[in-house]
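Chains as they are written, first to last, in this note's numbering: chain A, 220 to 607; chain B, 220 to 607; chain C, 220 to 607; chain D, 220 to 607.
To be clear, the hints were calculated from the coordinates, so they are not data collected in a lab.
Which copy is meant is left open, because identical chains are indistinguishable; a pair holds if it fits in one copy or across any two.
Each computed SDA-like pair below joins lysine to any residue, with the alpha-carbon atoms no more than 20 angstroms apart:
id	residue 1	residue 2
1	Lys-503	Arg-527
2	Lys-503	Gln-526
3	Lys-503	Ser-409
4	Lys-412	Thr-321
5	Lys-412	Ala-547
6	Lys-503	Pro-524
7	Lys-503	Ile-406
8	Lys-503	Pro-405
9	Lys-503	Asp-386
10	Lys-503	Glu-404
11	Lys-503	Ala-547
Computed from a prediction, not measured in an experiment: that's the story for all the values here.
Protein chains: 4
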Amino acid sequence: MVDAVSLSSSDGKGRVRVGMVGGGIGAFIGEVHRTAMRIDGRFDLVCGAFSSNPDRSRQSGAELGIAPSRAYPDYQTMIAAEQALPEDARMHAVVIVTPNDTHLPVSKAAIEAGFHVICDKPATRTLAEAIELRDVIEASDRHYLLTHTYLGYPLIWEAQARVARGDLGAVRRVVVQYPQDWLSEPIEQSDQKQAAWRTDPARSGPSGCFGDIGTHAFNLAETITGLKVTELCADLHTHVAGRRLEDDGAALLRFENGARGVLMASQISAGEENGLRIEVFGEKAGLSWRQEEPNTLWFMPLGEPYQRLRAGGGYLTDRTLAGFRTPAGHPEGYLEAFANLYAQFADSFLTGSGMDHLPGIEDGVRGMAFLDAALASSAAQSWTKIEH
Amino acid sequence: MVDAVSLSSSDGKGRVRVGMVGGGIGAFIGEVHRTAMRIDGRFDLVCGAFSSNPDRSRQSGAELGIAPSRAYPDYQTMIAAEQALPEDARMHAVVIVTPNDTHLPVSKAAIEAGFHVICDKPATRTLAEAIELRDVIEASDRHYLLTHTYLGYPLIWEAQARVARGDLGAVRRVVVQYPQDWLSEPIEQSDQKQAAWRTDPARSGPSGCFGDIGTHAFNLAETITGLKVTELCADLHTHVAGRRLEDDGAALLRFENGARGVLMASQISAGEENGLRIEVFGEKAGLSWRQEEPNTLWFMPLGEPYQRLRAGGGYLTDRTLAGFRTPAGHPEGYLEAFANLYAQFADSFLTGSGMDHLPGIEDGVRGMAFLDAALASSAAQSWTKIEH
Amino acid sequence: MVDAVSLSSSDGKGRVRVGMVGGGIGAFIGEVHRTAMRIDGRFDLVCGAFSSNPDRSRQSGAELGIAPSRAYPDYQTMIAAEQALPEDARMHAVVIVTPNDTHLPVSKAAIEAGFHVICDKPATRTLAEAIELRDVIEASDRHYLLTHTYLGYPLIWEAQARVARGDLGAVRRVVVQYPQDWLSEPIEQSDQKQAAWRTDPARSGPSGCFGDIGTHAFNLAETITGLKVTELCADLHTHVAGRRLEDDGAALLRFENGARGVLMASQISAGEENGLRIEVFGEKAGLSWRQEEPNTLWFMPLGEPYQRLRAGGGYLTDRTLAGFRTPAGHPEGYLEAFANLYAQFADSFLTGSGMDHLPGIEDGVRGMAFLDAALASSAAQSWTKIEH
Amino acid sequence: MVDAVSLSSSDGKGRVRVGMVGGGIGAFIGEVHRTAMRIDGRFDLVCGAFSSNPDRSRQSGAELGIAPSRAYPDYQTMIAAEQALPEDARMHAVVIVTPNDTHLPVSKAAIEAGFHVICDKPATRTLAEAIELRDVIEASDRHYLLTHTYLGYPLIWEAQARVARGDLGAVRRVVVQYPQDWLSEPIEQSDQKQAAWRTDPARSGPSGCFGDIGTHAFNLAETITGLKVTELCADLHTHVAGRRLEDDGAALLRFENGARGVLMASQISAGEENGLRIEVFGEKAGLSWRQEEPNTLWFMPLGEPYQRLRAGGGYLTDRTLAGFRTPAGHPEGYLEAFANLYAQFADSFLTGSGMDHLPGIEDGVRGMAFLDAALASSAAQSWTKIEH
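Modelling step: build the complete structure from the supplied sequences, incorporating the hints.
The following block contains the structure:
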C-alpha cells in the first residue's frame with residue numbers, strides 16, 4: 220500500500236516505465252530498488268512478477284498500486300503480456316531483483332523480447348553465463364544496467380577522475396576490502412532467509428562471500444584505477460561449521476601495469492557492518508574512501524598535507540558535483556547512491572546518450588572472471604590468471 | 220519534468236494528498252520536501268501555488284506533473300479552489316516552503332479552511348505571531364507539522380529516549396552548536412538568492428543566523444534533554460561589513476533543572492559546512508552526536524569505555540530502529556531524516572494516532588521565544604528570561 | 220630510587236642545575252616535571268624541599284638520588300643553603316610544583332635570592348599576587364617560566380605562526396573548551412588528594428575548574444590568536460552538592476579586534492578525559508586542534524579541501540619542526556610537550572637568548588585577570604572588562 | 220653535550236649500566252634508545268663504541284658525557300676493557316643500535332663475555348644467524364631484549380590479554396599492515412643515509428621493506444593472537460626503478476588454529492607515515508588498533524556497540540594500566556612505548572624476575588623464519604611453510 224513507485228504524469232513522456240521481477244513485499248533489495256527509483260521521481264513501476272508464488276505476486280502488486288492485470292504470475296507471462304500492449308503503455312525496462320540463479324534467464328528473455336534490463340548484481344552465476352549474456356546484449360541495441368551500488372557514490376567518480384587525469388601518477392598499490400559480520404554465526408540454520416539463499420550453492424552459485432561482496436570490491440578497484448587485474452592468488456575459507464560456501468577470503472592481485480594489490484572480503488569479521496573501503500597509492504599521491512562515511516574522500520599528495528575532499532565541495536569535478544542533491548554538509552548515503560545509478564540510466568535512456576560510465580555487462584563478465592579465477596586459485600593454492 | 224511526487228494508485232486510499240505553497244522549480248527547500256515525500260511513496264502532490272509569479276507557478280506545476288487547473292496563482296486561490304473540490308479529490312494538507320514572512324498567513328488560512336499544514340521552519344517571524352498561530356491551531360483539530368529536519372534523525376530519538384529513561388542521570392551540561400561558513404563573504408551583495416532573503420530583515424525577521432540555524436540548535440537541546448531553557452545571555456554579532464542581520468552568535472543557557480549550557484550558531488566559521496552537533500552530560504553518562512556523521516551516536520558512561528552506537532544496531536530502542544530503511548552500515552542521511560518526518564506525519568494522519576513525538580507549533584513557539592530572548596539579551600547585554 | 224633526574228657530566232657545563240620545591244615521591248605533577256627534564260637530558264636535579272614534612276622530604280631526596288645534605292626541610296632553608304654554595308655547584312633554578320597557595324612566596328624568595336624560577340601553573344592565587352610577582356621579576360634579570368603545558372605542543376606553535384602570518388585573515392571567532400569528568404562525583408569527600416586541594420578555596424584560590432583548567436583554555440586562545448580578550452560574560456556553577464568551588468563554567472568572550480569567542484571549562488562532563496580543544500575561524504580559513512590527538516592540526520581554507528597538517532610534515536614552519544624528536548607517524552604526546560618547555564628554557568638560559576616565545580609572568584597575570592573578571596562577571600551576572 | 224643518559228647516584232645500586240654499540244651523535248635510532256632510557260631514569264650510559272670511526276666514537280662519547288677512557292674504538296675493545304673493570308663499575312648490558320649486519324657478531328660477543336644484550340630489531344640478517352644466536356643465548360643465563368618497539372604500547376598488552384582470556388573466542392581472521400611512504404622516490408640515490416643502508420642487501424640482508432617493517436607487523440600479529448603462522452603466500456615487489464630490495468609486499472597467512480590473515484608492508488604508499496595497524500576478528504568480538512593513534516583500542520563485541528578503550532581507563536587490565544605515566548587524556552606515544560621496554564628490562568634484570576613478556580630471541584627467530592618463508596614464497600610464487 221505504501222510502496223508504489225509510479226508517478227502521475229498521464230502520458231509518460233520523459234519517464235521510464237518498468238516492470239519488476241522479484242521484490243515482493245518484504246524483500247530487502249526489491250524495496251531498495253523501488254526507493255532508488257522514487258528518490259528522483261523519474262520512473263513508473265507499471266507491472267511486475269513479484270514472486271514465484273502467483274498469489275503473492277498479485278498481493279504484492281496490489282500493495283504496490285499495480286493494476287491487477289499487470290501483476291503477473293511469472294516473468295515469462297509478464298514479458299509476453301507487455302509485448303502485446305501498445306508501445307506507449309508497455310514497460311520500457313525490466314528490473315531484476317531475484318536471487319542470482321534467475322538473473323541469466325530473465326535478462327536474456329527480456330533483452331530478446333526488446334526490453335531494457337536493470338539487474339541487481341551479479342549478472343549471472345558463472346563466467347560462462349556472463350559471456351553468454353554479453354553476446355545476447357551485444358547482438359541487441361538494448362540498455363543493460365548492472366546495479367553495482369557503490370559505483371553510484373559521486374566521490375567514487377571523483378576518485379576515478381583523479382586517477383584518470385594523472386593526479387596520482389602511475390598506480391602502484393591497491394588495498395580494497397569489504398568486511399561484514401552478519402554471518403559470524405550459522406544463522407542460515409535458523410531460517411534467516413537472506414542467509415539461507417546466500418549460503419546455498421544452488422541459488423548463489425559456487426562462491427559465498429567472494430561472489431556476494433568480493434565482486435563489489437573487485438569492481439571498485441578496477442573502476443577507480445582504470446586498470447585490469449591480470450592474475451591473483453586467493454585463499455577462500457569457511458569458518459562457520461556446516462556452512463557450504465566460503466564466508467571469508469583474501470587475494471593478492473597483480474594489475475596490468477605492474478601494480479600490486481590486496482582484496483579482502485569477509486562475512487565473519489565481528490564488529491564490521493558494511494565496511495567496504497579502498498585505498499589506491501600512486502607515484503605522486505594516494506586516495507582513500509570508506510563506504511560507511513561516503514561523503515569524504517581523502518587525497519594524500521606525497522609530502523603535502525592530506526586533503527579531505529567533501530561531498531559538495533566546489534573543487535570537485537563537474538560530474539561529481541552533479542551527483543549530489545543537497546549542499547555540502549547534508550549527508551547523502553546508500554539510497555542516494557543507488558538513485559544515482561537509476562538517474563543516470565534514465566538520462567541515458569531518455570536522451571539516447573551512451574552508458575559508458577554506468578556499470579554494465581562488461582562489469583558482470585569481469586566480476587565472474589574474477590570469481591572463476593579466485594575459486595580456481597584457492598582450490599589449486601596457486602597464482603591464476605584472470606581471462607576475459 | 221523529473222520532479223513529480225504523486226503516485227499512481229487510482230483511489231488515493233491510504234495516501235496523503237498535498238498542495239505546495241512555494242517551491243517552484245529551482246527552489247532548494249521545496250525540492251527537498253518533495254524528495255522527502257517521494258522516498259517512502261506515501262504522498263501525492265496534487266496542486267500548488269509554486270511562485271508569487273502566476274506564470275512561473277503554472278510552469279513549475281507543469282514540470283511537476285500537476286494538472287494545469289491545479290497550478291494556482293496564489294495560496295488564497297489554491298485554498299478556495301481546493302475547498303470547492305469533492306472531498307475525495309481535494310488536497311489533505313498544505314506544504315509551506317516559502318520565505319519566513321508568509322509562514323503565518325498561509326498556515327492560518329490553511330488551518331482555518333480545514334487543511335492540515337506541514338510548514339518549513341520557522342513557524343513564523345516573531346513570537347507574537349507564533350502565539351497567534353498556536354491559538355488558531357489549538358482551536359482546530361488539524362495536524363500541524365513543523366519540519367525541524369534534525370528531529371528526523373533516528374539517533375536523535377535514541378538520545379532523547381536514553382535521557383528520558385535515566386541513562387545519564389540528571390542532565391548537568393549541554394553544548395550545542397551549529398556552525399556554517401557559507402556567509403563568510405558578502406555574497407548577498409552579488410545576488411545569491413538564498414543569501415539575499417536570509418540577510419534581509421523584511422523577509423527573515425529580526426534575526427539572521429540565530430533565526431535561521433540557532434533555532435535548530437535550541438530545538439535539539441530542548442528535545443533531547445526534555446528540559447526547558449529558562450534564561451540565557453546572548454551575544455549576537457555581524458562580522459561581515461554591510462550585512463543587516465547577525466551572522467554569528469553564542470548564548471549561555473540555564474535549564475529548568477539547574478543544568479547549564481552553551482549554544483552557538485555561526486555562518487562565518489570558515490571550513491564548517493553544516494556542522495550541527497550536540498553534547499549532553501549527565502551525572503552518570505554523556506552523549507554526543509554530529510549531523511555530518513549522523514549514523515553514529517556516542518554514549519559515554521562515567522568510568523567505562525565509550526560506546527559507539529550505530530544506525531541499525533540491534534541494541535537501539537524500537538522507535539529508533541523503525542527509522543532506518545536499510546541495515547547497519549548502509550549510511551542514511553539528511554533526505555532520509557526529512558522523509559522520516561513525512562512518514563510519521565502520514566502515519567499519524569492516516570491512523571489518527573497522536574503527533575506528540577513530532578515537532579509542531581509548540582516547537583515553533585519555543586523557537587520564537589528563544590529568539591526573542593536572545594535578541595533582547597544581546598541588545599541589553601544582560602541575562603534574559605525565556606517566557607512562553 | 221628510580222627517579223633521579225641528574226646527569227653525570229662532572230662539571231655541569233652546558234647543563235641546568237635545579238632544586239625542586241614540592242614533588243615528593245607519589246606527587247603527580249612533580250614526577251611529570253622530572254620526566255620532562257629527563258627526556259632531553261639537559262637538567263640535573265641537585266637539591267629539593269620535596270615536602271612540607273622534613274622527614275618525607277629527606278626520604279624523597281634519597282629515592283631521587285639527591286645528596287642527603289641537599290634534601291632540605293623547607294624552601295627557605297634550601298634557598299639560603301644553596302646561596303652559600305660555590306657558584307659552580309649551587310642550583311641555577313628553582314622548580315615549584317606545590318599547590319597554588321605557595322607559588323607566590325616561593326617564586327618571590329627564589330627570584331630575590333638570585334635564582335631563576337620554573338613554576339607550575341598558576342603563577343599565583345590572585346591577580347593582585349600576580350602583579351606583585353611581575354614587579355619582582357621585572358626588577359630582576361632572572362628567567363621565569365610558567366609551565367603552561369599545552370604551549371609546548373609544536374602544532375600550537377604552528378597554529379600561532381599561521382595566524383600571525385595572515386593565513387586566516389582577521390580572526391572572527393574562537394571556541395576553546397577544556398572538559399574533564401574526573402570531578403563528576405564528590406571524590407574530594409573520600410580523601411582523593413588531588414581532588415581535595417583543588418576543591419579547597421584555601422589552597423586553590425577563589426576558583427575551581429576555571430582556575431585549574433579554564434586558564435589553560437584562556438591562555439591557548441590568547442596565544443594562538445595573538446589577541447587580548449577585553450571583556451567577558453561568565454556563568455560558573457557548582458553541580459556536585461557540597462563542593463565549595465565551581466566545577467563547571469562557560470564564558471562569552473570579546474577580543475580586542477572585535478572577534479567573538481566562547482570558553483568552556485568543566486570537570487563534570489562525563490566521558491571527557493582531558494579534552495582541551497580549540498577552533499579559530501578567520502576571514503579566510505579556520506584552524507582546529509585537540510590535545511588528545513595532538514599530532515594533527517586541521518587547517519580549513521574557505522572553499523578548499525581541509526588540510527590535515529601532521530607532526531613532522533615537511534610543510535610546517537621551522538620552529539614547529541624543531542619541536543619533534545621523531546619522524547612523522549611516531550606519535551609524541553604530553554610528556555614531550557612538557558619537555559619542549561624545559562628544552563626551550565635550557566636553550567634560552569644557556570645561550571642568553573630571549574624567552575619571549577615561552578610562557579612567563581605575563582601569561583600568569585593575564586590568567587589571573589581573566590579569572591578575576593570571570594568570578595566578578597559570574598557573581599554580578601553581567602559583562603565584565605578584563606583589566607591588566 | 221646534551222645527550223647523556225647516566226644518572227648521579229654514586230653507587231649505581233638499583234640502576235642498569237649500559238654500553239652502546241653504534242648510535243653516534245646524529246644517528247636516529249641510537250638517540251631514540253637513549254631517550255627511552257632517560258624517560259624513567261633507571262639506566263646509566265657508561266661507555267660505548269659509537270662509531271666504526273674511532274675519532275667519531277670518541278667525539279660522540281664526549282658529547283654524551285662519557286669518560287674518554289670508556290669511549291672505545293670498536294665493540295671488541297669495549298667488551299674486553301669492560302670485562303677488565305671491577306664488577307661494580309663495569310657495564311651490565313650492551314645496547315646494539317648498528318645496521319643489521321653487525322647484530323649477530325656483537326650480540327654473540329657480548330653474551331659470551333657475560334653481558335646482557337639489548338638489541339635493536341632485527342636480531343640478525345638471516346634465519347640461520349638467528350638460530351645460531353638463539354643457541355648462544357640459551358646456553359647462557361644472560362638477558363636478551365629485542366626492541367620490537369610496538370610491543371611497548373600498553374594497549375597492545377591489553378589486546379593480547381583480551382585474546383588470551385577468551386573475549387574474542389577463537390581467532391578467525393587477522394589483518395595487519397604497515398604502510399609508509401618515505402621510499403616512494405629513489406632517495407637512496409641522493410645519499411639519504413637511512414635509505415642507503417636499508418636498500419643495500421649487504422647491510423640490510425636479503426629483504427627490504429618486509430625485513431625492515433614487515434617483521435614488526437608479523438610480530439604484532441603473533442604476539443596479540445598468541446598463535447603461530449604456519450604458512451604463507453607472499454608477493455614482494457620493487458616499484459622504484461633501480462632499487463635493489465623490495466619496497467612493497469603482501470602475504471596471505473594461515474595460523475596454526477586455522478585462522479586466516481593478510482599481512483602488508485609497504486614503503487611506497489603515498490601519504491602513509493608510519494601506519495602500522497592491526498585488526499583481529501574472533502568468533503565473539505573483534506579488536507582494532509593503530510599505531511598513529513596508540514591511546515585508543517577498539518573492542519567490537521558481536522551485536523553490541525563498539526567499545527572505545529582508552530589509555531588510562533580504569534577498566535583495563537593491571538599490566539596495561541601500569542604502562543602509563545599519566546592519567547587518561549594525556550597522550551603518550553612512541554618514546555614512552557620504547558621506554559616501557561627498557562623499564563620492563565630494568566625490572567626483570569634488577570629483580571631477577573622472568574622476561575617472558577618481553578620480546579626476545581624467540582621473536583627474532585620467528586621474524587627471520589617469516590622473512591625466509593616470504594622470500595622463498597615470493598620467488599617460487601607458491602605457498603610456503605614457516606619452519607622454526
